[in-house]
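Read top to bottom, the protein sequences are chains A and B. Under the numbering used here, the first residue of the first sequence carries the number -8, and numbering increases by one thereafter. Under the numbering used here, the first residue of the second sequence carries the number 213, and numbering increases by one thereafter.
None of these hints come from the bench; they were simulated from the model. Predicted model only: the values in this text are computed from it and were never measured. Check each hint, because a few of them may be wrong.
In silico lysine to any residue, SDA-like type, Cα no more than 20 Å apart, as pairs [what the hints assert, rightly or not]:
id: 1; chain 1: B; residue 1: Lys372; chain 2: A; residue 2: Pro100
id: 2; chain 1: B; residue 1: Lys419; chain 2: B; residue 2: Thr216
id: 3; chain 1: B; residue 1: Lys372; chain 2: A; residue 2: Leu75
id: 4; chain 1: B; residue 1: Lys372; chain 2: A; residue 2: Pro99
id: 5; chain 1: B; residue 1: Lys372; chain 2: A; residue 2: Arg306
id: 6; chain 1: B; residue 1: Lys372; chain 2: A; residue 2: Gly146
id: 7; chain 1: B; residue 1: Lys372; chain 2: A; residue 2: Trp19
id: 8; chain 1: B; residue 1: Lys372; chain 2: A; residue 2: Ala81
id: 9; chain 1: B; residue 1: Lys372; chain 2: A; residue 2: Leu87
id: 10; chain 1: B; residue 1: Lys372; chain 2: A; residue 2: His142
id: 11; chain 1: B; residue 1: Lys372; chain 2: A; residue 2: Arg85
id: 12; chain 1: B; residue 1: Lys372; chain 2: A; residue 2: Asn88
id: 13; chain 1: B; residue 1: Lys372; chain 2: A; residue 2: Val135
id: 14; chain 1: B; residue 1: Lys372; chain 2: A; residue 2: Gly63
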Amino acid sequence: MITRAARALRQTWTLAAHDVGQWRRAPWAIAAALIPPLALALLAYVLTFNLGHQPIALVQEGHGRYSDHIAGIFQAQAGDLYSLTVTDRASAMRLLNSQQVAAVVVIPPNFDAAVTRCPALKPTQIIRDYTYAQSGCPAAQLQVTLNNANHSFAGEIRRALAETVAFFDAPDVVTPVSETQLDMSDLNPYRVNVMTALTRANTVDYIHYAVIPCLVLLILSVGVMGTALLCARDIERGTARHLALAPVSPVVLIAGRLLGGVLVSLVVIVPTLAVAALTGMIAPPAGHWPALALVFLATAVCAAGLGAVLGATLRGARAVSMAAAVICTYLFFLGGGFTTIQFLPGWLRHVSAFVPTRYAIDGLRQGLFYPGLYGFGADMRVLLGTAVVAVVVGGAVVRRAWSR
Amino acid sequence: MKPTLTALGGGFRAEIQSLRRSRLLIVLTIAEAVTFLMLVSIFGLIGNHVPTAVVNRDGGKLADQWVQEMSATYHTYGVRYMDARSAEQALAQGDVAAILWIPAGFSQHMAHHTMIRIHFVVDNVNADLTNEVELGIPPAARAFAVTNHFPGIRVLTAEKDLVRHEVGFIPYLVVSALALAAFVVAGTLAASAVAREFEARTLAYIKLSPMHPLVPLAGRLLATGAVSAAAVGVAAVLVIAGYGVTPDHPAALAAGLLLCVVIFSCIGAGIGTLVRRTLPLSALIFGLALAFYLDSGSLEPARFYGNNLWVVAHTSPVYYAVGILQYAVHGLQVTPETIGVNFAALIGWALLAAGAAWLGLRRAVVT
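Chain B with its partners taken away, still in its complex shape (with noise of 0.2 Å):
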C-alpha cells in the first residue's frame, strides 16, 4: 500500500511542479472559465433595455406616464427623452433602436379619450430586434389603459407565481455557467497532463516503473483535480460576490462543483488519452462546453426547448450539474427530477467517467 501511495504522492507532486513552471497556462486556462461567466452575462444583456427614444411632444402628464408605462412594461425599452433632431440623429448612428414621436395633445386625448396616433420609427436591423421593440407596443398601450381604468377593457390576466422569488436572468445564466467553468478548467487541465505524457514520450518511463503506470498518472490528475477545485471555487466567489448571489443551500453547491470537478477531470483525461496533443486540447473542450451549454437548461430549464432536446441533455452531465446549482444557490427546481436523483446521476457520471478514463488509459498504456 505504502509504495502505491508514495507513486501517487509522486506524480500529484511532479503535476503541481509542472504547473508551477507553467502558471501562464493556468492563468490562461482560469481566463477562459472567466470567459465563460462574462459571456453570458452579456447574452443575458440581450433583449432587454433597447435603447428608444422619446420625443415628447405633447409634455403633459398623461404622455409622460405613457412613456413610464413603456419604460416599465416587461423591461422591453430603455428610454431616452430628446429633441427630434438628436433623436434622428441617434438612430442614424445607432445609438437608439426606435424613435416614439408623441404628439402634441396627446394628453388632452388621453384625457378625453379619443383616438390619437402616435408614429414609432424602428431601425429594422434584423428581424429579432425589430420583433422584440415592435411587440412590447400593444402591452404598453394597455399597461397605461389598465392602469388608468380606461372603459372598454374586458380581458385582464390574473397571475400565480409558482416561485416566490423570482431570479434575474443574469444571476441565473452564471450559476449555471460554474458547471461549464468547471469543465473548461479541470478538461483542459487534466486533458494536457494525460497529453504531455504521450507528447513527451514519458510513458515509457512510467511502465518501467516497478508500479503500475496509471498509478502515477492517477497522482497527476489528483494534482490537476485540486487545482481546478481551486479554480471553480475563485469562479464561484467571483459569482456570490460580484454578482451579489447568495447560495441558498452552501453545502449542495460545494459537493455539485466537487462532482463536476472529477467528473471533467476523468472525461478531461480521456481526450486527452484520444487525441494525444495538447495542442488542440484547449479548443476542443471550449468547444465542447458551447455544445453542453446548449443543450443542459442553462438559459432556462431544458425541458422547455422540446422533449428532443430534453432527452438529448440527460446524455450531459452538465444537465445534472445545472439542475444541482440553480436548486443550491436559488432554491430553484429547473428539472423535473429532484436533487437526490441528480445528485444520484452526478455520482454515477463520475463513476462512469472515472472507469472510463482507467480503460482508456490502460490500454493506450498497454499499446
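Excised from the complex, chain A in its bound form (with noise of 0.2 Å):
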C-alpha cells in the first residue's frame, strides 16, 4: 500500500517537473503570462501619483490680513489637495486655456474688507435674530473659474477648494478622537465639531494596497496560462492519446498536470516575493508568512484548475492565451484587485462576493497590512474551497478531453 502511494507520488512529481520544464522552455508563454500582471502594477503604481491632485492657480489681488492668511492656507493645502500656481490673473488664465491648470482661484482686492465686515461668532453666542445672518453680512468671494470637462475632477476640484475654505472659517471642524477639546473656536460658524475615529490600528498607504494584489494577478495568469497552453498543447499535438493510453493511473495523471500548474505558478512567485521582502517593498508582520504562504498556494491551486478547464475546452494555444488574459483580468478587477470594494456600488459588491479572487485579495492584505488576521479564516474557507472545486472540475474536463 505504501509503496503504491509512494510510486503513485514519483509518477505525480515526475510529470509535475516533465510540465515546469516545458514552460521554462516557451520564453513567449512566459511572456504572455507576465506582461498583463506587470502592465496592470505599473498602471496602479503611476495612477496613484498622478490622480487626485489638479493643477489650479492661485491670483492673489488682495494684499490685507485675510487675504494673506487664506493664501496661506492655500498654499499649506498644495501638494494634499491639489498641485498650486500663483501667478497674476492674466497668466493664471492662459494656464487655463492651455490646460495647464484645472481652475484659476481669484482672491479679489476687497476681500479683506468683505471678511472684516463679518464679525466672527462668540463661542457662547446663542443667536436668536436670523436677520443678522441673512441681510448683515455679505461674505467675501473668491472667484473661482473652472474647467469642468468632466465631473470627476471638476468634483475633486470643487471639493478641495471646499475644504480650503472651511479651513479659513473653521479650522478644527473635522478632529480627531485623541483630541478630547470641544472646538469652541470664535471661527467655527458651522456649530459642529466632526470627532473621527478610525477602526485600525494602521492605515495602509494606497501604493501598496494598490500594487501588492497585482501578486494575485501574477500567480492567477502565470498559472492559469501554464496549465491552460500544458492542456492545450497535448490536445493539440495528439499527446493526450498517449497519456491516455499510458498504464499509469488517470488521478496520477490529472495530479501530476495540476501539479505542474501549481509549480509554475510557485516557480515565479517565490522569487518575486523574495525580491520584494528583501527590498522592503512587503514587510508583513511577524508570524503572518505562513497565512501569506496559505494564500498563495490556494490561488495557485484555484489558478490551475482554472486552467485545466480553459486549456482541455478550447481549441489552439492563440484562444488560450487570450482567454486566458482576459479572464484573469476580469477575476482582478471584480475581485477588488484595483480598486476598494467599499468603494463600489451594491450590486456589484454583490457581484464581487461570488469572485474567488475577492478572498485572496482580501487574505493577502489582511496578512500583509493589519497586525491582526481578521476575517482571514472565512477568506481562506471560501478561496479552499473553490481551489477543490477548480481542482475537482479541471481534473473532471481534462479527463474527458484526454479520452476523446
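Join the two chains, each given in its own frame, into one complex according to the hints.
Given below as C-alpha cells:
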C-alpha cells in the first residue's frame, strides 16, 4: 500500500517536473503570462501619483491680513489637495486656456474689507435674530473659473476648494478623537465638531494597497495560462491520447498536470516575494508568513484548476492565451484588485462576493498590512473551497478531453 | 494593375476565410475590447458614493437636512440610515466604510447655533479611502451652514464654469476607451495575421509568387482592418446605446475611429513582424493598451498630469485620438491642440505607421 502510494507520488512529481520544464522552455508563453500583471502593476503605481492632485492657479489681488491668511492656507494645502501655481490674473488665464491648470482662483482686492464686515462668532453666542445672518453680512467671495470637462475632476476641485474655504472659517471642524477638547473657537460658524475615530491601528498607503494585489494576478495569470497551454498543447499535438493510454492511473496523470500548474505559479511567485521582502516592498507582521503562503498556494491551486478547464475546453494556444488574459483580468478587477471594494456600488459588491479572487486579495491584504488576521479564516474557507471545486472540475474536464 | 488587385483581393479573401474559421478568436478579441470598456467603467465608480451609515439619534428636521447635505455634497457619500447595531455590524463586515452618529439634541443645537459634537467612525482600510471619507465632512458642514445662512460665514466661492454641460465621469471614460478598444482589436488581429505567416512559414510560398509578396499581405491587413472597424463600430454602438451617450459630431467620431483602426492595424503589423509568434501577441497588446491608457488623457485632459507626462503623451496616437473622440461625442476640447491639429497628427501617424509597417515587412520578407 505504502509502496503503491510512494510510486504514485513519484509519478505525479515526474509529470509535474516535466510540465515545469516544458513551460520554462517556452519564453513566449512566459511573456504572455507576465505582461498583463506587470502592466497592471505599473498602471496602478503611476495612477496613484497622478490622480487626485489637480493643478490650480492662485491669483492674490488682495494683500491684507485675511488675503494673506487664505493664500497661506492654499499654499499649506497644496500637495495634499491640489498642486498650486501662484501667478497674476493674465498668466493664470493663459494657463487655464492651455490646460496647464484646471482652475483659477482669484482672491479679489476687496476680500479683506468683505471679511472684516462679517464679525466672527463668540464661543457661547446664542443667536435668535436671524436677520443678522441673512441680511447683515455679505460674505467675501473667492472667484473661481473652472475647466469642468468632466464631473470627476471638477468635483474633486470643488471639494478641495470647499475644504480650503472651510479651513479659513472653521479650522477644527474635523478633529481626531484623540483630541478631547470641543472646538469652541470663535472661527467655527458651522457649529459642529466632527470627531473622527479610525477602526484600524494603521492606515495602509494607497501605493502598497493598490500594487500588492498584482501578486494575486501574477499567480493567477501564470497558473491559468501555464496549465491551460500545457493542456491545449497535449490536445493539439495528440499527446493527450498517449497519456490516456499510458499504464498510469488517470488520477496520477491529472494530479501531475495540476501540480505542474501550481509549481509553475510558485516558480514565479517565490522569487518575486523574495525580492519584494528583501527590498522592503512588503513587510508582513511577524508570524503572518504561513498565512500568506496559504493564500498564494490556494490561489495557485485555483488557477491550475481553472487553467485545466480552459486548456481542455478551448482549441489552440492563441485562443487559450487570449481567454486566459481576459478571464484573469476580470477576476482581478471584480475581486477588488484595482479598487477598494467599499467604494463600489451595492450590486457590484454583491457580484464581487462570488469572485474567489476577492477572498485571495482580502486575505493577502489582511496578512500583509494589518496586525491581526481578522476575517482571514472566512476568506480562506471560501478560497480553499473554490480550490477544491476547481481541482475536481478541472480534473474531470481534462480527463474527458484526453479520452476523446 | 489588375494582377495587383487580384493578389490584394486574394489576400483579403484568404484572411476573411481564416477569420471565419476561427470565430472564437474574433469573439475573444472583441471580448478583450469590451473588457476595456467594462474596466474603465468600474474604475469610474471609484471614489464616489462611499457607503456610509448614519445613525440618527436626533430625528429632527435639521438633522435630516444635515444628512441630505452630506449626501449631496460632491457625491462623496452614499448615505444609508441604520440603527446602531446594524451600522456597527455593517462596518465590521465591510458593507459600509464609515458611521456618522448624529446625537440627540442635534437639531436643537443647530437651531440655537450652539456647538455640538458628532462622532464619525471610519474604516481606514487604506489611506485613499480614509482621505476621501474624511475630506467630505468639512464641505458638507459648510454646505449646511451656508444653506441655512448661519452667521459667521465669511468666505464663499463664486464659480464660473468653462463647459456648459458637464460630462459624467463614466461617459467620459468610455469614450476614451473606444480608442483603446480600437488598439486592442485592430492591433491583435493585424499582428496575428502577420505573425501567422512567419509561424506557418508561408512567407516562402508568397515570395515565390509573381507578385510582390507584400501585396497579398496588404490584402490580409485590409481584411483584419475591415473586421476591426466592424468590431469597433459595435463597441461604439454599445457606448451610445448602453451609456446613453449621443455624439455631437458623428462624422468626426466615425473618421476618428476609422483612423484609429488604420493606425493600429499598421502598428499591429509591425508588432507581428517583430514578435513573429502569435501566442504572446494578445497579452503584449493588452499590456501596451494599458500603458497608452495611462498617458493619453483618458481620465482627464492629459496636461493636468503635468508637463512631463503631457510631452510623453504626444508620442502616442491615442492622445490625439482621445482629443478627437471627446470632441466628437461630448463637444469637449481636452487637448490644447485644436481638433484640426489632432486630425492632422492622426493622419501623420497613419502614414508613419503604414510606412514603418511596410518597411518592416519588406525587410522581413527579404531576409
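Exercise for the section: Check each numbered hint against the structure and report the violated ones by number, ascending. Expected result: 5, 7 and 14
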